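The primary structure of each chain is shown beneath.
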Amino acid sequence: MPARKRLNSFGFVFRPMKRTGKQVWESLIVGKPNTVLYPYHKLNLPPTYRGKHTLDFKKCIGCANCVQICPNDCMWMEKIEDPELGKIERPGIDMGRCLFCGLCVEVCPTVALHETVEFELASSDRGKIKFSAKELRDDSYADKVVEERQKRAVPVLDLGKCTGCEKCAGECPEMCIAMMPVESVGKLKPEIALPKCTACEKCVVACPEKALTMKDMYESYFEMPEPKFILKNCTGCNACAKACPADAIYMMEMPGTERILKDGKKSKPKKRAVFVLEKCVGCGKCFRACKFQSIEMPGVKK
Amino acid sequence: MAEMWINMGPQHPMTHGLWNLRIKVDGETITDAEPEVGYLHRGIEKLCEGKTYTQIIPLADRLCYGSSMTWSHLYCLTVEDLMGVEVPERAEYIRVAAIEMQRIASHLMWLAAYAVDLGAMVGFIYTMRDREVFIDLLQALTGSRLTYNYPRIGGVAHDVPPDFERDSLRACDYMEKKLVEYEDLFDGSKIFMMRNVGVGKLRKEDAMNLGVTGPPLRASGVNYDLRKDMSYSVYPELDFQACTLPDGDCYARYRVRMDEMYESCKIVRQAIQKMPKGKWRIVAPRNAPSGTGLGRVEDPRGEGMMYVVGDGTDKPYRLKIRSPIFVTVSAAKKMLVGYKVADVVAIMGGLDMCIGEADR
Ligand code: SF4
Ligand code: SF4
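As you go down the protein sequences, you meet chains A and B in turn. For the first sequence, counting from 1, position 236 maps to 236 in this note's numbering; every step adds exactly one. For the second sequence, counting from 1, position 133 maps to 133 in this note's numbering; every step adds exactly one.
Treat the hints as calculated values from the structure; they're not laboratory data. Everything numeric in this text was worked out from a predicted model, so none of it was measured. Each hint should be verified, as a subset may be incorrect.
As the list claims (entries may be wrong) - Derived list of chain B stretches under chain A, where covered just means 3 residues or more per stretch with a C-beta under 8 Å from a C-beta of chain A: (1) 136 to 144; (2) 156 to 166; (3) 187 to 197; (4) 207 to 217; (5) 274 to 286.
Here a beta-carbon is modelled for each residue, glycine too, at the ideal position from N, C-alpha and C.
Use the sequences and the hints to build the structure in full.
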């Protein structure tokens with residue numbers, strides 16, 4: 001801590017004057033200005049800068065996690081008919097309400113949403129800073145930026161093909177696959193503990209039905225709510241499986257529920273939903289789609 | 001001569017925000033004073049009850065735009081206390097470096113406002129220019145200029161950018177040079193000294209009784225700095241001093257803040273050099289258990305405290321915010337009485353008012 005400087009009145013005048021004079025010399029005469037001439041010259045913004053959003057239509061799965069986390073409710077989901085992708089739901093953003101917190105980018109499970117360094121959003125019309133999904137679309141932006149979040153390959157299960165033969169569980173060197181019985185359909189289903197997985201691909205090779213495939217997933221720092229399934233309310237209407245953006249719900253037949261029809265043939269067995277929770281992104285769409293209260297998700301808005 | 005009440009505020013250049021200072025004057029001498037806050041009440045505490053724990057972090061930023069990093073850090077500290085989350089060590093060092101940069105930026109903004117209050121326009125321009133260095137650094141680190149939204153429950157949002165360490169060490173060197181320049185500009189100016197030395201004396205006993213914290217308390221000769229006395233984060237491992245001065249006048253308050261900037265430069269340097277490699281964030285639980293959490297930090301303006309009550313869901317049941325300025329401004333009467341009207345600007349400016357956090 002420097003001590004207080006005692007000055008005489010001569011110093012009281014000339015000390016500040018010397019400093020100001022030096023500054024004038026540096027910025028006016030040597031010519032090192034401290035400011036930029038804004039519309040013509042622009043500052044270099046760091047790549048982390050949070051400005052206007054872009055959306056990668058191909059990566060986005062339409063899970064609405066971004067809409068849910070937004071503290072200002074400035075996002076909404078739009079139903080779009082796309083020639084390539086078919087009927088999809090994609091988010092739009094009202095920049096007039098956005099507080100540029102970046103939470104939507106962080107929560108996106110597929111890193112489809114990005115924030116660019118574009119900050120010149122001022123407009124004389126409020127409607128012009130409301131961006132619909134199509135205006136946000138930029139499918140090539142993700143290739144241009146270095147992504148913060150780490151990707152890693154993990155085995156992903158297609159339950160429709162799985163026969164419950166337990167071969168993958170026997171093959172895994174880290175013992176991260178456990179065979180769990182699914183009571184309603186009377187079958188075994190592998191459950192993969194993803195934190196322990198080292199991506200050795202042994203289970204993928206071992207699977208005779210090709211039900212396991214390796215897929216790149218982004219690591220997430222958010223703990224998302226998980227759906228709780230109540231079997232006795234389920235009618236097998238298929239609404240949740242259709243709503244799920246991550247294909248984590250499979251409708252499976254319950255053995256022993258066939259009825260004998262009048263003409264002596266057996267009817268089709270009843271169907272029940274089965275969840276593969278490793279794929280779940282915690283969006284709550286199944287919960288909202290279910291008309292019969294058979295899915296519970298505490299903390300998600302209906 | 002008859003006494004009368006004068007409203008200084010809510011729209012007055014001295015207030016730096018929306019608040020009202022009522023002073024009773026007898027001629028030019030102040031005989032009574034009464035601060036009034038409440039013009040900027042936004043109901044943030046109530047707003048927080050309807051948001052999830054993650055969504056509150058950007059709101060906590062907006063308590064005070066001058067030192068938003070400290071407030072979101074304080075919020076994360078409190079919720080981590082409630083949830084029992086351990087933060088990785090790298091994240092702690094990143095946070096400390098960021099907070100100290102924020103402290104320098106906040107003090108510089110105060111110095112700029114203070115200088116312009118006292119009529120020193122040059123001081124305003126120089127300090128604002130040098131604040132830009134730290135704002136740019138924080139922008140590169142966090143992605144935003146004022147409201148960073150960078151700390152997260154269980155760490156920080158992302159790792160430091162590649163050039164950050166080099167740039168912040170350079171910025172500290174630059175700052176230390178510039179601080180000497182400010183000393184020449186301010187301590188070397190007769191007018192500045194005449195308006196500061198011996199003005200707005202706050203006695204040690206009054207300061208302690210009224211709950212004043214931060215630089216005004218330390219300038220009254222009480223050695224109380226939460227970073228030292230109730231250490232949080234990784235402050236115990238860093239070498240720095242709490243700055244105190246015995247005088248209790250405006251000059252001492254100015255001096256304490258200047259010295260704190262030197263100390264902050266020291267802390268940033270140490271934090272950057274000691275920063276270990278490793279993870280910077282862990283996955284925090286979504287739902288907090290029922291119970292309470294408490295966090296206290298040394299804000300650039302004093303002691304900030306948050307108290308959160310969790311009820312097992314993903315939203316807090318109650319969040320209480322203790323703002324340093326709300327308490328400090330109650331010492332206005334003790335500081336003002338006996339001085340002239342022209343001194344009000346110097347005395348109240350020396351407190352570093354931030355109405356955003358005082359009114360919440
Ligand atoms: S940046 Fe924040 S406020 Fe803006 S759309 Fe995303 S979540 Fe909402
Ligand atoms: S969180 Fe990502 S994947 Fe989900 S809707 Fe939003 S942008 Fe699409």
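Quick rundown of the hints versus the structure:
For the region 136 to 144 of chain B, the stated coverage by chain A is satisfied: 6 residues place a CB nearer than 8 Å to a CB of that chain, which reaches the threshold of 3. Here's how the region 156 to 166 of chain B fares: 4 of its residues keep a CB closer than 8 Å to some CB of chain A, so the rule of at least three is met and the hint holds. Counting residues of the region 187 to 197 of chain B whose beta carbon lies closer than 8 Å to any beta carbon of chain A gives 5, which meets the minimum of three for the stated coverage. Chain A is given as covering the region 207 to 217 of chain B, and this is violated because 0 residues of the stretch bring a CB closer than 8 Å to a CB of that chain, at least three being needed.
For the region 274 to 286 of chain B, the proposed coverage by chain A is satisfied: 6 residues have a C-beta within less than 8 Å of a C-beta in that chain, meeting the threshold of three.
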